[in-house]
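Peer 1: The residues making up each chain are set out below.
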Amino acid sequence: MRYKIIFAIIFLGTLLKSCADSSRPNYQYFPNMYESIGYETYSESDAFNNNIEAQIPVKGTIARGWEPYDYPDSNEGYEAAKLNLISPLEVNDTNLKNGKELYEIYCAVCHGNKGDGQGILMKREKFLGIPSYADREITPGSIYHVLMYGKNAMGSHAGQVNSEERWQIAQHVMELRSKLVK
Amino acid sequence: MGNNLYSNYREVFLGFIKPLFFFFVFLATSYNFIISAQELTSVDNTAAVQAGKKLFNANCAACHKLNKRAVGPALKGVSEKYDREWLYSWIKNSTAMVKSGDPQAVAIYEEYNGSVMTSFPQLSNSDIDNILAYTDYIPPAPVAITSNSAASVPVSSSSNINNTVILIALALVFTILVVMLFLVQRTLMRIAKLSGVDIKPEVKPKRTPIWMAFVQNQFVVLTGVIFLLLSSAYFVYGYFMQVGVDQGYMPIQPIHYSHKIHAGANQIECKYCHSSARVSKHSGIPSLNVCMNCHQNIAEYNGEEDLENGYTKDFYTKEIKKLYAAVGWDEENQKYTGESQPVKWVRIHNLPDFVYFNHAQHVQVGEIECQKCHGPVEEMEIMYQHSPLTMGWCINCHRETNLKVESNEYYAKIHEALSKKYGVEKLTVAQMGGLECGKCHY
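From first to last, the protein sequence lines stand for chains P and C. Start counting the first sequence at 0; every next residue gets the next number (numbering that gives the first Met the number 0). Start counting the second sequence at 0; every next residue gets the next number (numbering that gives the first Met the number 0).
Simulated from the structure, these hints should not be mistaken for lab results. Every residue, glycine too, gets a C-beta built ideally from N, C-alpha and C. The reader is advised that the hints may include incorrect statements.
[Said to hold, decoys possible] Among chain P residues calculated to face chain C with C-beta under 7 Å, some are:
(1) Gln27
(2) Val108
(3) Ala152
[Claimed, not checked] If the Cβ cut is set under 8 Å, some of the chain P residues that face chain C in the computed set are:
(4) Met32
(5) Glu34
(6) Thr40
(7) Tyr41
(8) Asn74
(9) Tyr105
(10) Ile119
(11) Leu120
(12) Lys125
(13) Gly128
(14) Ile129
(15) Gly154
(16) Gln159
Next up, chain P with everything else stripped away, as it sits in the complex (with noise of 0.2 Å):
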């Protein structure tokens, strides 16, 4: 009698434990409160293609607050959008300041807060070879122009960092380069 009253405990107790399981999500009390009848960001649903929530814009369609970008992702392109293109935002505090909060989230893993090349990736050796931007002839232009399409061994930002930013993140730029050369 006392080896099944036992046993029971040391069952219910395991069946409760196994219920406790990490890698699942808990059960709800209403979850037709809970789980959202429209479309959740990422969801899964069978009136997208692919089941995929996330779609890419209609073709020809463009996204509010898009504004067209003529450089071509090539090297001349490059060389034109370092001649030509200029900011249209004027330097001030408030621009110096996003830019180099911008800066630090998204250049400096990698360029250093200085931009001098070393950040931490490159000091654990993750990365190798990043120039000081001290070597290298840049304008705002052409700093707009990598973070839009990547170069070299660099990413495109741009769907991190949108065009007043990315400007502003330029303008940053060009401040510790004028800091680095003097």
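Starting from the known structure of chain P, arrange chain C on it as the hints suggest.
Peer 2: Showing chain C alone in chain P's frame:
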């Protein structure tokens, strides 16, 4: 019996000492191995190779690897493929050579889709010689590495063996003790029998069992029942309160992405990948092109290993290959194949449909650290839900957090009026309206 015991001890002792001895011998030999390997590399490293390595890492490594095609070709043994004079002028000014129509130069330019190699006029001929010495250098490194790793693996396993040997020896000693006690008892019994002492098992007097005594005491029964009811109510309450709370939820993701490596060891900003947290309601799962910003270059894992959990270099490298397969990256030719598959990440943090939460409002305006809600992400090998994400948890933070009113002139008037109304110096989020139902539920 004494003899027997003695030999037993001897056995145990030897069993303990022998592996220990072998272990030390092994340690000594493996140490020698490592030393000799180090000597080997240091002897072969000439000054030119050292200088060349430095120059290579500073100038070339952004686009070239030694053994693998990257943005530019692999450079191992490049001096055998081209004439040295040609290499001098190519490295110093490649653009001019392509323009002048040098056939070799044009061939490379076209093979690599017209990517222009940066000119290095600052490098002298002897600098270039050093770089070429480095690219031609065949290090005895593989030998050093294999002898090193071969030596280090058995060392750790032999220490494991040592532990088990100690455990077995202890177990043996205990069994011997038990057997001895048993024998002693038997001998004593025999002596007692021989000398005529009659040993009978004790007869216990009949008593009411202890549980019967409790049942008969009504006070104890009453308090016992109350205690049981209260404690079970406590557990039932706790059980119902955790329904719908996913704290600690740790699903298995399709690609083993380690936040510990990315956000911890490499100190990549959270917002580098989760860039929409700055500007949108959602923090967003980064698209694979964000991964490829770095992983186009980083095809192998070379960091620390966690052997206990099976996180070896090989394991991590395989996960990077999963990324390549999903995004359709052909590593050999450094090109996208165009055949991609979505990665089915499992969402962890998910608020109920009836709650509104905005990341930008908290991250950008409130300037709250991501870790405040998501916990020590930079230490998580596997991502899990750190906070309960219950309403009580939200409200509590709104009550405790002060508003940042400095350099926020736009709202100066309302800040002042509210401070006056509540008679406080520092306004909390709650006083600003952070507890109103309609702020989050509508």
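Peer 1: Any hints this thing doesn't respect? Which numbers, in order?
Peer 2: Of the numbered hints given earlier, the structure breaks none, since each of them holds.
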